[in-house]
Amino acid sequence: MGRQLLLEHIAVPGIETFEVYRKMGGYASVEKALKTMTPDQVTEQVKNSGLRGRGGAGFPAGMKWSFLDRKSDKPRYLVCNADESEPGTFKDRYLMEKIPHLLVEGMITSSYALGAKTSYIYIRGEYMYVLQILEKAIREAYAAGFLGKNILGTDYSLDLYVHPGAGAYICGEETALLESLEGKRGNPRLKPPFPAIAGLYASPTVVNNVETIAAVVPIVNLGGDEYAKVGVGKSTGTKLISASGHINKPGVYEIEMGLPVEEFIYSDQYCGGIWKGRKLKAVVAGGSSVPILPAELILKTAKGEPRLMTYESLADGGFTSGTMLGSGGFIVMDETTCIVRNLWTFARFYHHESCGQCSPCREGTGWMEKVLHRIEHGHGQMSDIDLLVDVAKKIEGNTICPLGDAAAWPVASAIRHFREEFEYHVKYPEKVKNPKHFEIEPFVSSKQLVMV
Amino acid sequence: MAKVTIDGIEIEVADGTTILNAARQLGGASVPPAMCYYSSLKGSGGKCRVCLVKVAQGSSKDPRPIPKLVASCSTPVADGMVVQNLTSPEVLEARKGVVEFLLINHPLDCPVCDQAGECDLQNLAYEHGASTTRYEEERRTFEKIDIGDKIKLHMTRCILCYRCTMVANQLTDNRVHGVLNRGDASEISTYIEKAVDNDFSGNMIDVCPVGALTDKTFRFKSRVWFTKPMDAHRSCTKCSGKTVLWMKDNEVLRVTARKDQYGEVKEFICNECRYDHKNAADWTIEGPRHIDRHSVIAQNHYEKTDLLTLKKEIERQIEFQKGKPLPLALDEKK
Ligand SMILES: Cc1cc2nc3c(=O)[nH]c(=O)nc-3n(C[C@H](O)[C@H](O)[C@H](O)COP(=O)(O)O)c2cc1C
Ligand code: SF4
Ligand code: SF4
Ligand code: FES
Numbered sequence: 002m003g004r005q006l007l008l009e010h011i012a013v014p015g016i017e018t019f020e021v022y023r024k025m026g027g028y029a030s031v032e033k034a035l036k037t038m039t040p041d042q043v044t045e046q047v048k049n050s051g052l053r054g055r056g057g058a059g060f061p062a063g064m065k066w067s068f069l070d071r072k073s074d075k076p077r078y079l080v081c082n083a084d085e086s087e088p089g090t091f092k093d094r095y096l097m098e099k100i101p102h103l104l105v106e107g108m109i110t111s112s113y114a115l116g117a118k119t120s121y122i123y124i125r126g127e128y129m130y131v132l133q134i135l136e137k138a139i140r141e142a143y144a145a146g147f148l149g150k151n152i153l154g155t156d157y158s159l160d161l162y163v164h165p166g167a168g169a170y171i172c173g174e175e176t177a178l179l180e181s182l183e184g185k186r187g188n189p190r191l192k193p194p195f196p197a198i199a200g201l202y203a204s205p206t207v208v209n210n211v212e213t214i215a216a217v218v219p220i221v222n223l224g225g226d227e228y229a230k231v232g233v234g235k236s237t238g239t240k241l242i243s244a245s246g247h248i249n250k251p252g253v254y255e256i257e258m259g260l261p262v263e264e265f266i267y268s269d270q271y272c273g274g275i276w277k278g279r280k281l282k283a284v285v286a287g288g289s290s291v292p293i294l295p296a297e298l299i300l301k302t303a304k305g306e307p308r309l310m311t312y313e314s315l316a317d318g319g320f321t322s323g324t325m326l327g328s329g330g331f332i333v334m335d336e337t338t339c340i341v342r343n344l345w346t347f348a349r350f351y352h353h354e355s356c357g358q359c360s361p362c363r364e365g366t367g368w369m370e371k372v373l374h375r376i377e378h379g380h381g382q383m384s385d386i387d388l389l390v391d392v393a394k395k396i397e398g399n400t401i402c403p404l405g406d407a408a409a410w411p412v413a414s415a416i417r418h419f420r421e422e423f424e425y426h427v428k429y430p431e432k433v434k435n436p437k438h439f440e441i442e443p444f445v446s447s448k449q450l451v452m453v
Numbered sequence: 112m113a114k115v116t117i118d119g120i121e122i123e124v125a126d127g128t129t130i131l132n133a134a135r136q137l138g139g140a141s142v143p144p145a146m147c148y149y150s151s152l153k154g155s156g157g158k159c160r161v162c163l164v165k166v167a168q169g170s171s172k173d174p175r176p177i178p179k180l181v182a183s184c185s186t187p188v189a190d191g192m193v194v195q196n197l198t199s200p201e202v203l204e205a206r207k208g209v210v211e212f213l214l215i216n217h218p219l220d221c222p223v224c225d226q227a228g229e230c231d232l233q234n235l236a237y238e239h240g241a242s243t244t245r246y247e248e249e250r251r252t253f254e255k256i257d258i259g260d261k262i263k264l265h266m267t268r269c270i271l272c273y274r275c276t277m278v279a280n281q282l283t284d285n286r287v288h289g290v291l292n293r294g295d296a297s298e299i300s301t302y303i304e305k306a307v308d309n310d311f312s313g314n315m316i317d318v319c320p321v322g323a324l325t326d327k328t329f330r331f332k333s334r335v336w337f338t339k340p341m342d343a344h345r346s347c348t349k350c351s352g353k354t355v356l357w358m359k360d361n362e363v364l365r366v367t368a369r370k371d372q373y374g375e376v377k378e379f380i381c382n383e384c385r386y387d388h389k390n391a392a393d394w395t396i397e398g399p400r401h402i403d404r405h406s407v408i409a410q411n412h413y414e415k416t417d418l419l420t421l422k423k424e425i426e427r428q429i430e431f432q433k434g435k436p437l438p439l440a441l442d443e444k445k
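In order, the protein sequence lines correspond to chains W and B.
Its first residue numbered 2, the first sequence is counted upward by one per residue in this note's numbering.
Its first residue numbered 112, the second sequence is counted upward by one per residue in this note's numbering.
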């Protein structure tokens with residue numbers, strides 16, 4: 002195993018309690034920051050660490066913090082995005098459930114850096130039991146003097162609240178989240194203005210993912226430069242990967258950035274290889290929104306170099322032959338998977354979750370879902386395949402928020418890499434009538450399946 | 112002040128003006144269409160995406176183009192910005208896509224729709240849409256609902272521009288009207304069909320760009336192009352009293368607020384003027400209303416078409432559809 006900066010103590014019995022967490026060195030970053038550093042020094046450390054947002058877009062966290070409008074006379078807010086709803090992603094839940102104080106600690110240290118006096122954790126409504134775990138942790142932190150008035154006897158005070166969503170994926174988009182937190186319908190806002198200027202209650206706000214905020218703890222403890230030594234290039238530190246699908250050991254893994262994808266899939270320390278001795282067919286590497294890649298392109302880039310678990314390496318080749326690290330939802334598919342069926346499932350999700358504000362996404366997601374439903378059930382025509390490509394193209398880039406892109410990319414990439422399989426569905430409608438068609442007889446493409 | 116170039120024509124506008132409003136100051140063919148933006152409703156715009164344009168140069172300070180198309184109704188200009196509307200094939204292609212999206216679930220029941228003839232979606236589809244559909248799936252439908260005793264909501268026709276909800280929020284007190292549900296299941300609703308009963312609620316009908324909200328006191332009385340629009344006023348304690356009477360002989364069939372050339376009402380009217388004075392004697396009639404729009408109600412007659420120009424225009428569009436850049440129109444000069 003590589004270095005564990007977040008989950009090091011996850012197996013310690015009772016780590017969810019304040020007592021044990023504190024005994025294992027917890028809340029050291031709060032003491033260090035509040036007693037020995039100015040808020041700007043903390044921000045400086047986060048900048049030096051090279052930490053990039055773990056919610057999907059990978060935007061440098063330190064830079065986002067430095068955009069926060071510090072001249073405004075309005076209060077500043079830190080909002081933690083714990084809406085985690087991207088299919089294939091479940092790392093934030095694992096972290097919050099097992100080691101809730103890590104997030105609470107990260108929230109306190111980060112709020113201090115940003116000058117926030119009130120901060121929120123916006124958690125998806127389906128995680129109600131996790132909300133209770135967090136609220137218990139927050140109560141313990143208040144009791145121990147790490148939250149509330151004059152934390153650790155300094156003049157810094159902070160109140161922390163957990164707020165549940167009501168079951169909409171779109172409320173994970175940061176501006177929809179802020180609308181929802183304000184008690185409104187969760188429609189994404191038009192940008193600009195960005196949250197750093199006018200976010201929650203039109204005040205300067207930083208929205209960060211759970212894992213991003215948790216990573217601030219080791220960054221402050223070790224120092225930004227030390228943290229930056231883990232990982233490669235512009236992908237620093239460790240990353241939580243939610244591994245699911247046809248692998249022997251699904252679960253959440255903390256990896257050092259730069260781990261080869263092949264090692265991650267086949268090593269017994271991580272996924273432990275493809276289940277039932279089957280062959281790898283395809284991987285969705287960063288949550289349902291990112292382009293799907295066939296086995297040969299996920300293990301090696303188009304140039305033949307080994308693909309690494311970093312922002313840059315996964316994106317190598319752009320959308321022609323690459324993908325994205327995204328939120329780290331790593332979905333592995335074996336040779337029996339039907340790509341069309343998988344895509345239809347994704348399309349159904351985006352259709353269901355579109356907020357409906359802008360026409361291309363509201364109408365286009367439903368259209369794609371219906372066409373995919375037909376193809377998968379043996380009622381497709383050859384012209385439907387190009388129609389899907391065209392509808393996806395007309396959505397992409399033309400919407401208010403990136404959900405439109407997130408719905409379009411899987412369609413475009415599945416057809417780009419697995420067109421033969423769509424054609425097969427049109428040509429042999431009888432053979433695909435059984436939903437388990439490729440389990441009975443795996444689809445053999447003229448391209449080779451990779452066996453390692 | 113900021114200097115912007117839109118489709119090759121330069122104009123100077125106040126800082127903070129949106130691209131759409133800069134184009135409107137310029138006037139002419141380069142004004143992008145707008146289905147959701149409404150200048151007198153705060154927060155409107157950004158949703159329908161028909162006003163997308165290309166920013167080929169961000170500003171003179173930062174000349175890089177904006178990588179994605181932007182909604183012209185909600186993007187402010189910058190000094191030295193270069194905008195392409197009709198001159199960008201990418202824009203026309205995207206707009207065609209948006210029109211198609213707006214139409215796939217639309218019932219296309221124009222023959223029985225009261226809005227026909229003064230419908231922004233008809234005009235838009237006529238100008239930017241394709242004449243055939245690629246959509247073979249089942250269309251979404253809703254039940255018709257009454258919003259109060261004067262307004263009919265035909266949700267199946269709605270394009271979710273949110274304008275009516277903004278009227279409800281901004282013009283009337285006591286908000287009981289909004290959007291329920293999500294995605295293509297979203298619907299405009301008064302909460303559990305509660306009647307919207309308010310002095311200014313009728314303005315929802317005027318802001319609706321399609322036939323989703325219609326005036327029940329006018330429903331099915333006449334095709335709009337068989338009526339004569341007359342500017343009229345009366346002294347009213349609640350609103351300006353400036354309206355348009357839609358008349359057949361001496362009978363007032365409908366009263367609406369006055370819309371400008373972009374279909375926008377600048378002076379909203381009260382329900383009393385709209386519903387309770389369907390008697391020509393109650394009004395001072397100023398004269399025929401000039402409807403400065405391209406739909407069939409304009410000046411109460413169909414436009415005479417110059418067939419030669421039409422043929423040239425069609426050839427020009429065919430060239431474009433073959434994937435070539437749009438050739439210059441007849442009256443365009445380089
Ligand atoms: C449709 C949609 C859903 C999203 N869902 C989440 C989510 O569940 N959790 C999350 O952290 N970020 C989500 N994001 C990304 C957020 O908008 C935002 O970029 C992120 O919270 C920023 O945090 P980071 O910089 O720490 O990554 C979503 C974005 C979109 C467009
Ligand atoms: S892209 Fe989809 S989810 Fe995002 S604002 Fe538009 S309709 Fe809503
Ligand atoms: S009912 Fe009309 S005004 Fe209201 S959202 Fe629908 S189209 Fe717009
Ligand atoms: S008018 Fe600009 S998006 Fe609708």
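These are calculated hints, taken from the structure and not from any lab test.
Misleading hints may appear alongside valid ones.
Stated by the list, open to error - DSS-like cross-link-like pairs, simulated, lysine-lysine; straight-line CA separation at most 27 angstroms:
#1 LYS65/W / LYS172/B
#2 LYS114/B / LYS65/W
#3 LYS235/W / LYS165/B
#4 LYS371/W / LYS332/B
#5 LYS394/W / LYS165/B
#6 LYS192/W / LYS255/B
#7 LYS370/B / LYS371/W
#8 LYS255/B / LYS394/W
#9 LYS75/W / LYS165/B
#10 LYS172/B / LYS394/W
Now for the hints, and whether the structure bears them out:
1. A hinted pair counts as satisfied when its Cα atoms are at most 27 angstroms apart, and LYS65/W with LYS172/B qualifies at roughly 23 angstroms.
2. Using a Cα cut-off of 27 angstroms, the hinted pair LYS114/B and LYS65/W is violated, with the two alpha carbons roughly 31 angstroms apart.
3. This hinted pair does not check out: LYS235/W and LYS165/B have alpha carbons roughly 32 angstroms apart, beyond 27 angstroms.
4. For the hint linking LYS371/W to LYS332/B, the alpha-carbon distance of about 39 angstroms lies beyond 27 angstroms, and the restraint is violated.
5. For a cut-off of 27 angstroms, the pair hint linking LYS394/W to LYS165/B stands: about 16 angstroms separates their Cα positions.
6. For the given pair, LYS192/W sits about 35 angstroms from LYS255/B by alpha-carbon distance, which is inconsistent with the 27 angstroms threshold.
7. In summary, the hint linking LYS370/B to LYS371/W is not supported, as the alpha carbons are separated by about 39 angstroms, beyond the 27 angstroms threshold.
8. Restraint check: the Cα-Cα separation between LYS255/B and LYS394/W comes to about 34 angstroms, which exceeds 27 angstroms; the hinted pair is violated.
9. Between LYS75/W and LYS165/B the alpha-carbon distance is near 35 angstroms, which puts this suggested pair outside the 27 angstroms criterion.
10. The straight-line distance between the Cα atoms of LYS172/B and LYS394/W is roughly 31 angstroms, outside the 27 angstroms bound, and the hint therefore fails.
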